[in-house]
Amino acid sequence: MTTTEPSTTEATTAAELTNASVRLGGKRVFSDVGLTVGRGQFVAVLGPNGAGKSTLMRAILGLLPLESGEVTVLGRPPAQARAAIGYLPQRHAFDSSTRIRGIDLVRLGIDGTRWGVPVALTGAARERRRAESGRVGEVIETVGATGYAHRAIGELSGGEQQRLLIAQALVRSPQLLILDEPLDSLDLPNQASVAALLRRICSSEGVSVLLVAHDANPLLGYLDHVIYMAGGRATSGSVDEVITSAKLSELYGTPIEVLRTADGRLVVVGQPEAPHYHGARHEHDHPHDHDHVHD
Amino acid sequence: MFAHDFVRNAYLAGTFIALGCGVVGWFVVLRGQLFAGDALTHVAFVGAVAAAVVGLDERVGLFVLTLAVAGGMGALGRRGQADDIVIGTVFAWILGIGVLLLAVLATSPNGGTGIAAANTLFGSIYSLTPGGSRLAAAIGLVVSAGVLLALRPLLLTTLDSELASVRGVPARALGVGFLALLAVVTAESTQAVGALLLLGLLAAPAGAAHQLTARPYRGLALSALIAVTAMWGGLALSYEIAALPPSSAIIGIAGAGYVAATLFARARRHR
Amino acid sequence: MTPTISPNPIEDLNALLTFPFMVNALEAGTIVAVLAAVVGWYMVLRRQTFAGHTLSVMAFPGAAGAALAGLPTTLGYYLACGGAALLMRGARSSPGLGSPGRGSGAETATIATVQTVGLAAGYLFLSLNHAVLGGTETLLFGTFLGVSRGQVLALLLVAIAALAVVALATRPLLLETIDPEVARARGLPVAALDLGFLLVLALAVAATSQITGALLVFALLVAPPAAAQQLTMRPGLGLVLSIVFALVVVWLGLGVAYFSIYPVGFYVTSFAFALYLAARLWHATARRCAGPRSA
Chain P
1 MTTTEPSTTE ATTAAELTNA SVRLGGKRVF SDVGLTVGRG QFVAVLGPNG
51 AGKSTLMRAI LGLLPLESGE VTVLGRPPAQ ARAAIGYLPQ RHAFDSSTRI
101 RGIDLVRLGI DGTRWGVPVA LTGAARERRR AESGRVGEVI ETVGATGYAH
151 RAIGELSGGE QQRLLIAQAL VRSPQLLILD EPLDSLDLPN QASVAALLRR
201 ICSSEGVSVL LVAHDANPLL GYLDHVIYMA GGRATSGSVD EVITSAKLSE
251 LYGTPIEVLR TADGRLVVVG QPEAPHYHGA RHEHDHPHDH DHVHD
Chain L
296 MFAHDFVRNA YLAGTFIALG CGVVGWFVVL RGQLFAGDAL THVAFVGAVA
346 AAVVGLDERV GLFVLTLAVA GGMGALGRRG QADDIVIGTV FAWILGIGVL
396 LLAVLATSPN GGTGIAAANT LFGSIYSLTP GGSRLAAAIG LVVSAGVLLA
446 LRPLLLTTLD SELASVRGVP ARALGVGFLA LLAVVTAEST QAVGALLLLG
496 LLAAPAGAAH QLTARPYRGL ALSALIAVTA MWGGLALSYE IAALPPSSAI
546 IGIAGAGYVA ATLFARARRH R
Chain R
567 MTPTISPNPI EDLNALLTFP FMVNALEAGT IVAVLAAVVG WYMVLRRQTF
617 AGHTLSVMAF PGAAGAALAG LPTTLGYYLA CGGAALLMRG ARSSPGLGSP
667 GRGSGAETAT IATVQTVGLA AGYLFLSLNH AVLGGTETLL FGTFLGVSRG
717 QVLALLLVAI AALAVVALAT RPLLLETIDP EVARARGLPV AALDLGFLLV
767 LALAVAATSQ ITGALLVFAL LVAPPAAAQQ LTMRPGLGLV LSIVFALVVV
817 WLGLGVAYFS IYPVGFYVTS FAFALYLAAR LWHATARRCA GPRSA
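Taken in order, these protein sequences are the chains called P, L and R.
All residue numbers for the first sequence refer to the numbering used here, where the first residue is 1 and numbers rise by one.
All residue numbers for the second sequence refer to the numbering used here, where the first residue is 296 and numbers rise by one.
All residue numbers for the third sequence refer to the numbering used here, where the first residue is 567 and numbers rise by one.
Just so you know, not all the hints are guaranteed correct.
Said to hold, decoys possible - The following residues of chain R were derived to be distant from chain L, with all beta-carbon distances above 12 Å:
id : residue
1  : G636
2  : L723
3  : L734
4  : L759
5  : G762
6  : G802
7  : W848
Said to hold, decoys possible - Example chain R residues on the side facing chain L (calculated, C-beta under 8 Å, incomplete):
id : residue
8  : F585
9  : P586
10 : H619
11 : A672
12 : A675
13 : A678
14 : T679
15 : S693
16 : Y828
17 : G831
18 : F832
19 : T835
20 : F839
Hints listed in this document are in silico derivations from the structure and should not be mistaken for laboratory results.
Ideal placement from N, C-alpha and C gives every residue a C-beta, glycine not left out.
Given only the sequences and the hints, what does the whole structure look like? Please build it.
Now the structure itself:
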């Protein structure tokens, strides 16, 4: 369905950052960060709010320039690999009165960037349209949304909306899927099922998955490795290597304790209050979305 | 200037109308209800025309229709806030009725409406009677007091509806009550600034205040201050320049205030 | 002098069409209906009804200013509406449908300020010109019945241009409307699309205002598309329905107004509103019959 140049399929890593630092609005968000996502791997970027995780994603997508360091996606600069990346930005749930069907939303994942009158005039155009409709149906089934893809997206639950959005990101058969906090507005059962879905997509479709999360617990057992960001720096390795009291204390620069509950969940204790940082994600928001009312 | 009765009346009414608009407007902007406010101001015009057709004092029509529509909006929406599209469709329809009523008025014995319609649309603050201006001042004061009394619950339900409902704040009632206050201030201010320009007094000072500070008490005070300043400035300016209508002057100053505040806030952010 | 309606509708229609001014009115009304229906459909989906109303109101200072400056009125309309669009610079009621539908304070305050300052200026221009309010009424409430041949032609050209632009940008516009973050990530010129649409809206509004008047443009711009969106979520079908509804409203309105002493604007808005109510009712009952799984 997509024309991926030979070089992207031959690249050994899905995404790679070396010694990267980014400066936003005069402040350095992070410096000297290294990250490697191998082909077909499931990687998470963790850390407290305001650590710069979203900024990191946008740098990988080529939406932000690096102050220093290098970033490649599938062996090429991010802008050139754009067609092979599926991106799911962080967003609020769709407004409940949104009158667009899920299937149309997924469809826009294929042809949303196509200029021109949306009428298939030639036989070839009609053929392509049929193939695309087939792909849309296929990917909706992959995420398990066939039952509700024809309903208004505003009426669906958070988990259902998320699945459709994942379908939209998948529809052009990307080689790298980047998701920004896909689980944060979901309840626990949905977090578990979406995490499992992502792992399945990773394995069966051969897609590399890089996601941002602030809680590693729903993803335990699925992750290949993690990058933990805090205090403008990052450290990477497997979950067991990184999410330890020693490693995190070193990263934060203050004593951190990692506890394991009886059912295997990890709890991080002692994180300093994350600086309230107006990162790139917020630059289009109304100033009041984040201010607190102090009486 | 103040030797003249009509000027004193204008300042009396204008000051408290501006106060009311500034205070209510600050919340209207916060709650994202400017479109509803826009609709209410246009509805006010239709109310005035309707009253004229029936032969009543236009103020009756102003208040009755705006309160009725405000109630409707409150009832239709969740948390007392209605959908933009519903508001738009309803108020287009009401304006259509206004057109009908204008035509009826033109042919009725109460006719001769060119001037009256202009006054309702664009305000006639210099033709207020002493009694009228005192009433306007009183209403402005009462509305401001009403908002200030309900300040904390209103803030809470606007900014954090979940917490508000947990604490037992009646969101819907407050929402409807707020819309009612908006309706009242709208109806009253129509006489001063006119139905079409009223939105400016609600939006511009409040918008400016929101640009400059996120703190509620300061914001409210700032909004009221800017509104009153615009009112005084506009009145003074239009007194000096005969060709300048007072409402245009007032809104012009308020708008300039908003632009200045936006530019200032933007410069401050980029420092 | 009001023509009386006879029991034979064909006869009535023929009687109606003998008058050039009625033919002009019908042609102008048709063009304006199609234009408003299409542009309005996007405007409703993008939650830009407030911006749309403000733009329509700009016709008033535009015409008054043109009269004062001795320029042709139509030029005033287009300049004022276009200028206001630039001022509002893509300030939307909500940044994309993927966020709470409540209007963001700063953006709506800008729109409201533009609206009232524009109106205040219009009033000033009127006063300076010592114009009588009678002319204002036509400006604000329209007159279908004073349309010239030249105006019809000009309308046709504007409509074709505007509709062509919308047709060519259909899918990118749709994607940008529903999901600006993804659109941006996929390399769509989001800011340009926003501004471009606002300008097209300004064009449509300026054109329509000449017929329906500044205050009543809304009836055609909001009600038929809103009704269409109640009945279907499919973009293609929705646009077609929107056009059909707008045409019905205009033709019926013109037809009935011909035989009545009451102004056209009243009939157009009332039919439009009735249509919207009917569509909402239909949607509500269809939903109840279909049970929890709605169309």
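Practice task
So, R:A675 near chain L? Judge it on the closest CB pair being under 8 Å.
Solution key: 3 Å, holds
Practice task
Verify the interface restraint on R:Y828: the C-beta must sit less than 8 Å from at least one C-beta of chain L.
Solution key: 6 Å, holds
Exercise for the section: Over 12 Å to the closest beta carbon of chain L is the bar; see if R:G802 clears it. Expected result: Holds, because the least Cβ-Cβ distance between R:G802 and chain L comes to about 21 Å, which exceeds 12 Å.
Problem - R:F832 as an interface hint toward chain L, with CB separation required under 8 Å - result: Check passed: Cβ of R:F832 comes within 4 Å of chain L, closer than 8 Å.
Exercise for the section: Return the status of the interface hint for R:A672: holds when the least beta-carbon distance to chain L is below 8 Å, violated otherwise. Expected result: Check passed: Cβ of R:A672 comes within 7 Å of chain L, closer than 8 Å.
Handout entry: Minimum beta-carbon distance criterion (8 Å), R:F585 to chain L
Key = R:F585 check fails; min Cβ-Cβ to chain L is 20 Å, beyond 8 Å.
Practice task
May I ask you to check that R:L723 keeps its beta-carbon over 12 Å from the closest beta-carbon of chain L?
Solution key: 27 Å, holds
Handout entry: Closest C-beta approach of R:T679 to chain L relative to 8 Å, hint status
Key = Holds: closest Cβ of chain L sits about 5 Å from R:T679, inside 8 Å.
Practice task
For the hint on R:F839, just tell me whether its beta-carbon gets within less than 8 Å of chain L.
Solution key: 4 Å, holds
Problem - Status of R:G636, Cβ more than 12 Å from any chain L Cβ - result: Since the minimum Cβ distance to chain L is about 18 Å, R:G636 lies beyond 12 Å and the statement holds.
Problem - Status of the stated non-contact between R:G762 and chain L (beta carbon gap over 12 Å) - result: 22 Å, holds
Exercise for the section: Examine each Cβ of chain L, and state whether all of them lie more than 12 Å from the Cβ of R:W848. Expected result: 15 Å, holds
Checked against the numbered hints given earlier, this structure breaks hints 8 and 9; the rest are met.
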